[in-house]
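Participant: Sequence:
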Amino acid sequence: MLCLLAILWTATPADAGDRIESIAVHLSFEGGFVGNETMSRLDEALTAVAELAIMEQLGGDLDYILGHSGEVSGILSDVISAALTSRGFDLVELSLDPGAQTTVSLTLRIADQRVSVFEVDFHVMGNVPRIAESVTMDEQRVVNRLYETLASTPFDDKQWLTSLVHDTVSDELAMMPAYADFSYSIVTEPGETTRVVVSFEPLPEALLVSDFSISLRSMTLTNLQLRPARDSLAYYLQSFIDLPVSFVSNKLSHFQQGAMGYLNNNCALVAQCPDSTLSLRIDVCAIEAWINLDSTRFLYDAQLRLDLWEHSEYDITGKLSAGAGHFIGGRWAAFFHADYRPGLERVNPMIGVARLLGPETLLSAGYDLQAESMRLRGEHHLRRDVYLSADIYTEDDWDYLSELALHYRLHDIYELQLVSTMDGEVFAAIAADL
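In this note's numbering, the protein residues as written are 1 to 434.
Please keep in mind that the hints were generated in silico from the structure rather than gathered at the bench.
Glycine is no exception: its CB is placed at the ideal position from the N, C-alpha and C atoms.
Don't take each hint at face value.
[What the hints assert, rightly or not] Restraint-style ranges between C-beta atoms, simulated for each label pair:
# : residue 1 : residue 2 : range
1 : Glu345    : Val426    : 23 to 29 Å
2 : Leu357    : Ala432    : 24 to 30 Å
3 : Asp231    : Ala432    : 16 to 22 Å
4 : Val197    : Pro177    : 20 to 26 Å
5 : Leu357    : Leu416    : 21 to 27 Å
6 : Leu410    : Glu345    : 26 to 32 Å
7 : Thr103    : Asp156    : 25 to 31 Å
Between the sequences and the hints, there should be enough to build the whole structure, so can you do that?
Facilitator: Right under this line is the structure:
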């Protein structure tokens, strides 16, 4: 059709007159609207057609176009109508306003077959449930962008719509840091409900999560009792191995909430500890998990200690401690505790009450039946792997058993201790918190 404009131009020679400086296209629609991206693409394509016809084929001669505006408008309508039909639009009306800045006004009718719903699915390395849950908001963000930019776009030209979708999705992903270390492919199924599937794979140069560690702490439960929580959390964290560190870091708060919900649903112990806390952090290529569990029903403790050198006049080389109790109201618990020292061949049993002061501090007081003395015991955590403990007999005769200790946790069960007795002895010990 553009050749007709050229024939019209050559058939009617004219002296060079005023020139058109620019072409602008003004679009309006009947029977609906289109999104920003579709509008932009249409405007860009139609402006290019108008410029080719008026500026190149007709030389941009303003006087000539003013003298033949009817013929030019008619042929331009035919050219544009052919281009629009393949895209699912019908040209209703075209008007030409010639001038130094010439405006081509178009009224378009949108085809009945157009996109009304977008569905977006992200597939990230197998999409185990915990990863799939973490990308739900991102999927919705892309859906919202597609509605904003491509709403009501006809799908007659599936290749054109697919191209629009691909560019829109790619632009949105480029603004989402969580996916910076992924390559992706986009598959589009155009239709009234247009389905979009985005599959992600880590880039070869991406830094990947390669390991995880779990630290558990409880002042009311033994480490052996915490084993189910460790196993459940390990199963949860295993899903993140080989994911880009940038992806996991970006969604760490979501995974932290998800891990706590998973533990509540899959570990009876965690469900029985409503005040449980969990924190995750990334250290280079590893996820570090820290979980604190404290029962509101029972109070247990058990420890096996070996002193690293002899101390005092007695043959004290270590001890075995164990205790059990029950919370009787609020944070108060009644409990029984006993220490057995093989070198003394004696058990020191104690009955008393304890008070849990949040997740860092436990204080107790009771009566030692063997020593016939009141005992004060306490434990306060300074940080995840360091805590202080005290076990004080109120009678001076038992100062060699009264202890202040600094504990360093090596790995949940195992720890190093620096101990000082009230009679001035200082020694080191290793222990296993059972």
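Participant: Each hint needs a verdict: does it hold in this structure or not?
Facilitator: Outcome of the hint check:
With their beta carbons about 25 Å apart, Glu345 and Val426 fall inside the hinted range of 23 to 29 Å. Checked against the given bound of 24 to 30 Å, the beta carbons of Leu357 and Ala432, roughly 26 Å apart, stay inside it. Taking the beta carbon of each, Asp231 and Ala432 are about 19 Å apart, inside 16 to 22 Å as hinted. Checked against the hint of 20 to 26 Å, the pair Val197 and Pro177 passes, with Cβ atoms roughly 22 Å apart.
A hinted range of 21 to 27 Å holds for the C-beta pair Leu357 and Leu416, which are about 25 Å apart. The hinted window of 26 to 32 Å between Leu410 and Glu345 holds, with their beta carbons roughly 30 Å apart. Distance hint for Thr103 and Asp156: a CB-CB separation of about 28 Å, consistent with the stated range 25 to 31 Å.
Hint compliance for this structure: every hint is met.
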